[in-house]
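Undergrad: Protein chains in written order, with the working numbering: chain L, 36 to 347; chain E, 36 to 347.
Misleading hints may appear alongside valid ones.
Which stretches of chain E does chain L cover? Using the computed rule of at least three CB atoms under 8 Å from a CB of chain L, they are [to be verified]:
| id | region |
| --- | --- |
| 1 | 106 to 119 |
| 2 | 139 to 150 |
| 3 | 215 to 227 |
| 4 | 230 to 236 |
| 5 | 268 to 278 |
| 6 | 326 to 337 |
Short, incomplete list of chain E residues facing chain L, as computed with Cβ under 10 Å [claimed, not checked]:
| id | residue |
| --- | --- |
| 7 | S135 |
| 8 | Q171 |
| 9 | Q203 |
| 10 | A209 |
| 11 | K250 |
| 12 | T257 |
| 13 | A340 |
Using 20 Å as the maximum straight-line C-alpha spacing, the simulated PhoX-like pairs for lysine-lysine come out as follows [what the hints assert, rightly or not]:
| id | chain 1 | residue 1 | chain 2 | residue 2 |
| --- | --- | --- | --- | --- |
| 14 | L | K250 | E | K120 |
| 15 | E | K316 | E | K40 |
| 16 | E | K253 | L | K120 |
| 17 | E | K250 | L | K120 |
| 18 | E | K324 | E | K346 |
| 19 | E | K346 | E | K40 |
| 20 | L | K294 | L | K316 |
| 21 | E | K117 | E | K81 |
| 22 | E | K294 | E | K346 |
| 23 | E | K189 | L | K221 |
| 24 | E | K65 | L | K221 |
| 25 | E | K322 | E | K40 |
| 26 | L | K292 | L | K322 |
| 27 | E | K189 | E | K324 |
| 28 | E | K40 | E | K189 |
| 29 | E | K153 | E | K193 |
| 30 | L | K65 | E | K221 |
| 31 | L | K239 | L | K169 |
| 32 | L | K120 | E | K239 |
| 33 | L | K40 | L | K322 |
| 34 | L | K221 | E | K117 |
| 35 | E | K120 | L | K239 |
| 36 | E | K221 | L | K117 |
| 37 | L | K253 | E | K120 |
Since the hints were made in silico from the structure, they are not lab data. Model, not experiment: these values are computed from the prediction. Glycine residues also receive a C-beta, built at the ideal position from the N, C-alpha and C atoms.
Number of protein chains: 2
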Amino acid sequence: MRNIKIAGYGTYIPENFVKFGNQIRHRVVKEDNITQIDMAVEAINKALEDAKLEIEDIDCIVSTSAVCAQLIPCTAALIHEKIAKGTNIPAMDINTTCTSFISALDIMSYLIEAGRYKRVLIVASEKASIGLNKNQKESYELFADGACAIIFEKSNDKKKGVIYSLQQTWSEGAHSTEIRGGGTLKPSMIFDQEHVSDYLFDMKGKEVLLLAARKLPKFFKTLFKESGLGISDIDMVIPHQASRALELIMKKLGIPKEKYIDIVQDYGNMVSVSVPFTFCKALEAGKVKEGDTIILTGTAAGLTANAVILKI
Amino acid sequence: MRNIKIAGYGTYIPENFVKFGNQIRHRVVKEDNITQIDMAVEAINKALEDAKLEIEDIDCIVSTSAVCAQLIPCTAALIHEKIAKGTNIPAMDINTTCTSFISALDIMSYLIEAGRYKRVLIVASEKASIGLNKNQKESYELFADGACAIIFEKSNDKKKGVIYSLQQTWSEGAHSTEIRGGGTLKPSMIFDQEHVSDYLFDMKGKEVLLLAARKLPKFFKTLFKESGLGISDIDMVIPHQASRALELIMKKLGIPKEKYIDIVQDYGNMVSVSVPFTFCKALEAGKVKEGDTIILTGTAAGLTANAVILKI
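Excised from the complex, chain L in its bound form (with noise of 0.2 Å):
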């Protein structure tokens, strides 16, 4: 167990939206130019309002975002440049895609208990609608912008924290989602509108549902087993908001209706934010709340899966 609890958390989702049939849509408008930085910064004040914190409270600040604001430097660089210039506060980019913002949180709790940070401000920020392709109706009607941040700090209670923390990665599915260019791989530099689509979200949906339908069970086989609990043991699971697919895992995996957080509908896949947008939500709406045993989980472009079970 590594004692950590939340400090305080916040939200940012645009006001503006578009629906596709029932399915809701947080997008930013090309007008308001609202870019990646801005949302993670609205959602950076809230937590720390929340925590009634000011930034030099914070030790450490580590950006989730799996699509970064600029190659160089790290995004987490940039943020800290809009609240905490002045301050020695270190900033790093963890990246899993979208699941970094768990993996973040499950590293970042190995720091906070031995002492390394006592509070660290774990933020995800992502303005997916930029890069979506009309063309692929599945990913275009599902991604959504959006940022979400939580301070953990240590716990003195120590029956609060990280109980087990997991992630497998399996890289057969390395190519099933994916932006081709952008990196040094298809720079932008070579960039021309007839191969528009190598720089756009490629997702193929069955291949990810597929891979992690075969993948998973084992992956929480070894979860339940590794942290001697079972989904008895557990009061809710907060998963990423991956697709509408997600009923369809759930019940793979064995997990109740009532015990699991699905708001895809709702807010569609925010990419690294969905995970702890889902948590703050599920906060807000009394879902989940202080005592109760949480599992944060999600599959990310990789393939990557990632779980930490929580104590609130």
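Position chain E relative to chain L; hints supplied.
TA: Just chain E now, with coordinates in the frame of chain L:
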């Protein structure tokens, strides 16, 4: 003290090089089509061979490249595909730009110490040459390509490991070193040749140098004060090979010439590869050896400073 030791290491640099006066820069030739991922794989295979280990012996793969290979998935997943497909080994990116390797070592030493992972492979790989701006002589003549992988594992020798580590970020320098385009702020899709410099490396060398010179003395004072060590306790400083001004900075920090490694002339600045590469070259040349206390340190775009004091 977090007890870790080196199990093995490997480096890779392209055979091809260019010369600017007496300055040698190894860079991938376009025709060779060697990717950032290829270079990482070369370095990892050498590290595994050096350690007499198989990939299955590795518990976590961390990629520390400053610039990603694709926007999605993370670079570590793409490396995983080439060396670990079919395994469950978790893969993730940790990014503080040029000092990412030090950040990853710093962080992962906590996870190794806590028993989460027994053995972690950290790999840095950069193809800086593709992003250089011919009109910016200073950076154009400075950067080079390459990769380096080091495997760290739990040490039973309680004298070996990370003695102390420190990171600070000073975002006054957030725009002193950048590649503005390629991410969400200036996406590839709006690329045009007229604004090509937005998609290339841009370093305001003097700005960086002035900020580093202003901030680093206090950073090192904190490092020594908190660790209880002084420069007389350190056998060798392995600095990021940031530029030819390295000597100037070391002098300002009171680190005598015989106590740091400067290979800028032969290898230039290899972004996140420089620190581990310089370390490995020093190990190979016997300039650092078992029992030595060393500091891995540097400044990165952000501006971020990192230091790990390691007894090897």
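Undergrad: State for each hint whether it applies.
TA: Now the hints, each set against the structure:
1. 106 to 119: holds (count 11)
2. 139 to 150: Three-residue rule met by the region 139 to 150 of chain E, so holds; n is 5.
3. 215 to 227: Satisfied; 11 residues make the cut.
4. 230 to 236: With 4 residues close enough to chain L, the hint holds.
5. 268 to 278: With 0 residues closer than 8 Å to chain L, the region 268 to 278 of chain E misses the three-residue bar; violated.
6. 326 to 337: holds (count 3)
7. S135: holds (8 Å)
8. Q171: Since chain L brings no Cβ nearer than about 14 Å to Q171 of chain E, farther than 10 Å, the hint is violated.
9. Q203: holds (4 Å)
10. A209: Cβ of A209 of chain E sits 4 Å from chain L, so the hint holds.
11. K250: holds (8 Å)
12. T257: holds (9 Å)
13. A340: holds (9 Å)
14. L:K250 <-> E:K120: Holds: K250 of chain L and K120 of chain E sit about 14 Å apart, inside 20 Å.
15. E:K316 <-> E:K40: holds (17 Å)
16. E:K253 <-> L:K120: Roughly 17 Å separates the two Cα atoms, so the pair holds.
17. E:K250 <-> L:K120: The given pair, whose Cα atoms are some 14 Å apart, holds under the 20 Å limit.
18. E:K324 <-> E:K346: holds (10 Å)
19. E:K346 <-> E:K40: holds (8 Å)
20. L:K294 <-> L:K316: Status holds; Cα separation ~15 Å.
21. E:K117 <-> E:K81: holds (14 Å)
22. E:K294 <-> E:K346: Between K294 of chain E and K346 of chain E the Cα gap is close to 15 Å, so the pair holds against 20 Å.
23. E:K189 <-> L:K221: violated (38 Å)
24. E:K65 <-> L:K221: With Cα atoms ~13 Å apart, K65 of chain E and K221 of chain L stay inside 20 Å; holds.
25. E:K322 <-> E:K40: Since the Cα atoms of K322 of chain E and K40 of chain E sit roughly 17 Å apart, the hinted pair holds (cutoff 20 Å).
26. L:K292 <-> L:K322: holds (13 Å)
27. E:K189 <-> E:K324: holds (18 Å)
28. E:K40 <-> E:K189: With Cα atoms ~6 Å apart, K40 of chain E and K189 of chain E stay inside 20 Å; holds.
29. E:K153 <-> E:K193: holds (15 Å)
30. L:K65 <-> E:K221: Satisfied, since the Cα-Cα distance of roughly 13 Å is no more than 20 Å.
31. L:K239 <-> L:K169: holds (15 Å)
32. L:K120 <-> E:K239: Holds, at roughly 19 Å.
33. L:K40 <-> L:K322: Holds - the C-alpha atoms of K322 of chain L and K40 of chain L are around 17 Å apart, at most 20 Å.
34. L:K221 <-> E:K117: holds (18 Å)
35. E:K120 <-> L:K239: holds (19 Å)
36. E:K221 <-> L:K117: Distance ~18 Å between K221 of chain E and K117 of chain L Cα, so the pair holds.
37. L:K253 <-> E:K120: Satisfied, since the Cα-Cα distance of roughly 17 Å is no more than 20 Å.
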